[in-house]
Structures are given as C-alpha cells and as structure tokens.
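Asker: Spelled out from the first residue to the last, the chains are:
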Amino acid sequence: DAKTTQPNSMESNEEEPVHLPCNHSTISGTDYIHWYRQLPSQGPEYVIHGLTSNVNNRMASLAIAEDRKSSTLILHRATLRDAAVYYCILKEGAQKLVFGQGTRLTINP
Amino acid sequence: GAVVSQHPSWVICKSGTSVKIECRSLDFQATTMFWYRQFPKQSLMLMATSNEGSKATYEQGVEKDKFLINHASLTLSTLTVTSAHPEDSSFYICSARGSSGGWADTQYFGPGTRLTVL
Numbered sequence: 001d002a003k004t005t006q007p008n009s010m011e012s013n014e015e016e017p018v019h020l021p022c023n024h025s026t027i028s029g030t031d032y033i034h035w036y037r038q039l040p041s042q043g044p045e046y047v048i049h050g051l052t053s054n055v056n057n058r059m060a061s062l063a064i065a066e067d068r069k070s071s072t073l074i075l076h077r078a079t080l081r082d083a084a085v086y087y088c089i090l091k092e093g094a095q096k097l098v099f100g101q102g103t104r105l106t107i108n109p
Numbered sequence: 001g002a003v004v005s006q007h008p009s010w011v012i013c014k015s016g017t018s019v020k021i022e023c024r025s026l027d028f029q030a031t032t033m034f035w036y037r038q039f040p041k042q043s044l045m046l047m048a049t050s051n052e053g054s055k056a057t058y059e060q061g062v063e064k065d066k067f068l069i070n071h072a073s074l075t076l077s078t079l080t081v082t083s084a085h086p087e088d089s090s091f092y093i094c095s096a097r098g099s100s101g102g103w104a105d106t107q108y109f110g111p112g113t114r115l116t117v118l
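Protein chains in written order, with the working numbering: chain A, 1 to 109; chain B, 1 to 118.
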C-alpha cells in the first residue's frame, strides 16, 4: 500500500497562510496525490490533486517536491471555516481512496 | 457541480431491524460508488466498492451478507444494514466517481448518514 505520513494536528491564525505537509516516500510513478478535508459531522470534501507539477485552484495550492516524496497543501489565507481534518491520500490502484488519520487543523480567531 | 446526496441524513432504529441508506450522484453519472464507515474520532474506513450493474467488492473483514449494496443505476447506490446491532452504529459515507471527462479522476463524497441502533 502506498502510505502517507501527516502531523496529527496543526494550529494557525485566521487570515494567515497555512502549510500542511505530507510525506509519501514510497509513492509510485503513477500515484496521484489527493487532498481532501472533512469538517465536523460532514463527508469529506475534495480539495486538490496533482501528479508532478504544482497545482492551484480556488481553494488551495499543492506544492509537490521534485522527487515526489513529499507535498504541501497551502491555504493562502485561512478562515475559521477552514478548520477541519485534512487528508493527504495517494490514489491506490485504479480507483480506491484509502484514508489515513489526517491532520486536524485548528484556526484561531 | 459534482454533488452527491445521501438519504437519510440520520436514522435511529431498533436492534434487529434493517436500514437502507441511499446515495445519489445529482449532476453526473457515477460508474463506481464507494461506501465508507467512520467511528467517532477515527478515520474513514472503506467498506466496499460497487460498479453499476455488477456485484460489489467488499473489503476484508466486511460482511457482505450484513451490508447489502445495490448499484442499480449510474446515479443511485444503496447500502442496507441488515439485522442492525448497536455496534453497527456509525457514520456511513458514500462517494461517487465519474465515468468520463473532468469528473473521472476525483471521488465526490456525500454528506454522510448517522446511524444509531438502540
């Protein structure tokens, strides 16, 4: 199984950038790096995904290391609504997303 | 776009009864749907993968006769918890993967169904 390692928790302040790290040293050449987040009592929400190049969308940016063994999800300006558990997931095989423990992000007002 | 709904959002039932949970992709066709279960303060655990028109593939340790999955159309999958017991109380979440175009590489999740078995 391709696995990821994330810090259990992180804390940041409102309106500041947040960098959420993820290590995936055993990533294979065809694994995509996916990020999802889960707000309390809700289903996960897709954030972003990428393969080799850095990616940007309206929610976040994804910075992928050149060797692809790590990546960083960047929230450019955190709000209280960004408080959630963030999951970094390598797409396993053709279809399955397997969730780890994720990083619980707390945003201080 | 890419909205997945679940019904009901919460359900309470008596031990021994069966409960059906529906998962619908509202604005795209989903060839593949997934069912997850999440206990308090834990991560999501994949239960099964279902493809439209074929039998579901269950993860190791998940009882297929207890958790019946039907994926009858490209927009609807159902999970039936048969003879529910208190230990089946959990948050059940479905997700759907599109069949073509921009939806194909991403799974979109429903809001979840909280099941409480008394």
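Hints are computed from structural coordinates only; laboratory data are not their basis. A quick note: this is a predicted structure, and the numbers were derived from the prediction, not measured. A hint or two may mislead.
[Unchecked claim] Sample of chain B residues facing chain A (criterion: CB under 7 Å; computed from the structure): (1) P40; (2) S43; (3) L44; (4) I93; (5) T106; (6) Q107; (7) F109; (8) G110; (9) P111.
[Claimed, not checked] Here are the simulated lysine to any residue pairs, SDA-like style, with alpha carbons at most 20 Å apart: (10) A:K96 <-> B:S83; (11) B:K41 <-> A:D82; (12) A:K91 <-> B:T106; (13) B:K64 <-> B:S83; (14) A:K91 <-> B:T78; (15) A:K96 <-> B:T78; (16) A:K96 <-> B:E63.
Beta carbons: idealized from backbone N, C-alpha and C, even for Gly.
Asker: Hint by hint, say whether it matches the structure.
Answerer: Evaluated hints:
no., hint, verdict
1, P40, "10 Å, violated"
2, S43, "5 Å, holds"
3, L44, "4 Å, holds"
4, I93, "5 Å, holds"
5, T106, "5 Å, holds"
6, Q107, "6 Å, holds"
7, F109, "4 Å, holds"
8, G110, "5 Å, holds"
9, P111, "5 Å, holds"
10, A:K96 <-> B:S83, "28 Å, violated"
11, B:K41 <-> A:D82, "18 Å, holds"
12, A:K91 <-> B:T106, "10 Å, holds"
13, B:K64 <-> B:S83, "13 Å, holds"
14, A:K91 <-> B:T78, "24 Å, violated"
15, A:K96 <-> B:T78, "18 Å, holds"
16, A:K96 <-> B:E63, "19 Å, holds"
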